[in-house]
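Chain F is fixed; fit chain E onto it per the hints.
Residues per chain are reported as follows:
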Amino acid sequence: MYAALWRILPGPVWAKVLQCLVLAALAVVVLFHWVFPALAEAVPFNGNTVD
Amino acid sequence: MTRRLVGWTGELLITAGVVVLLFIAWQLWWTDITAERNQRQLVQALGDQFAGDGRGTVGGDAFPELDSEHAFAVLRVPRFGADFAQPVIEGVEASVLSLGVGHYEGTARPGAVGNFAVAGHRTTYGRPFHDIDTLVRGDRLIVETKPTIYVYEVTGHEIVRPWQTEVIAPVPDEPDTRATRALITLTSCHPKYSATYRYIVHGRLVKTIPRAEWHLADWTTVKG
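Chains as they are written, first to last, in the working numbering: chain F, 1 to 51; chain E, 1 to 224.
No lab work stands behind these hints: they were computed from the structure. Wrong hints could be hidden among the right ones.
Unchecked claim - Far from chain E, by Cβ distances over 12 Å, these chain F residues were calculated:
1) PRO12
2) VAL13
3) LEU18
Said to hold, decoys possible - If you only want the chain F side, here are some residues facing chain E, beta carbon under 10 Å, derived:
4) TYR2
5) TRP14
6) GLN19
7) CYS20
8) LEU23
9) ALA25
10) ALA27
11) VAL28
12) LEU31
13) PRO37
14) ALA40
15) GLU41
16) ASN46
17) GLY47
The C-beta atom is built at its ideal place from N, Cα and C for all residues, glycine as well.
Just chain E, same shape as in the assembly:
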């Protein structure tokens, strides 16, 4: 009886070990595969939607509804690759961040005065912001919406603790100041595979382009 109990316990422990290894494989390898496929499909769907009615109005009523189910913009970062494109989805819950880049609810909309703040994975789930630490001042961050394309330029970065929400304030790090400029902020984890700090990149809007005048090929260089 005791012998049988020991045998079963051993088998259970080995099984648990295998399950832990499987979990690590799933997290580090499988989530990249499924998320990259989903992100590609979402960007493709957004591209089709954007092309559907290409009226080149800047801002205005043509702006799509922000919705937790749907992506509403495409983020392009030439520094991460000429073909780097991620869907931007409303919200920063884990379920959203596994689909692409999440927009902090309540922060500015693309191109608007205030801080357009987004979060993305540094590792796993397609790791959109894996190379966030390679961004330098002047690098382009392009936010494509249906009517308008907004080109931002990196102004700097900082490394903060997870509770320092002032980095996504309308004026970053000055929560009591009223916004007068259109800014962008990217947040991701730091260091890689850790949740101890957050890597923050700030930028400012430098150009607003109506879709009718938008040619992606002109904007794939890292800097302006």
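Just chain F, with the same shape it has in the complex:
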């Protein structure tokens, strides 16, 4: 999977490393901003209310 990604990315090694870092950062942003907040509502370990 990651080996295939490495092959697909163009340019010399330093360019590939840079692109990998950008992609990883992008993944973290998507997770932190959209995926985790949605997931947190489904995980019930944060109950503070009586209902």
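Just chain E, lined up with the frame of chain F:
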């Protein structure tokens, strides 16, 4: 082929592990950072709004509309720190509690006869009620609205199961009794990082102060 499949499965599992670790970091660390910033900004905005027209009417028409989008009060708990201030927002959904302290819909408004009941996070999202178990009888709980500041005093606490809604009844734990006094109730999770129980703090209204006569500096001590 099999070898490739095993390789991909391994990479996927490692990725899943990293994502789980990232989720824990987000929940325990990142939510505190973003929520504390939002809560500070909301308190700041409320302070500006309150100062805008400081007519000191007690109760009355000057009371701002309760609205799910907007904070309508500031909760101060000197026991949690002289500068502890949280916005109070209508509703107790997860989206509200990530912004501050949530007011149970249908419970009394600040200062009114009945039970002004609010919920807050014990951990994560700025953890407003992290130290709720340090509150003792006589501690001040201050609810600041635009026209009026209400000073409550802690009367006691209890630990209940999540379904025991009678703790936020107009008269706590007596759902069939008619309210005659103005009370306050705070709810949060217990123990920390668990949703098994709820930590409940009750209090009663001891003083009502028009904004014109309000000086925060006089009220930053833990007890009266």
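Against the structure shown, which of the earlier numbered hints fail to hold, in ascending order? Violated: hints 5, 6, 7, 8 and 9.
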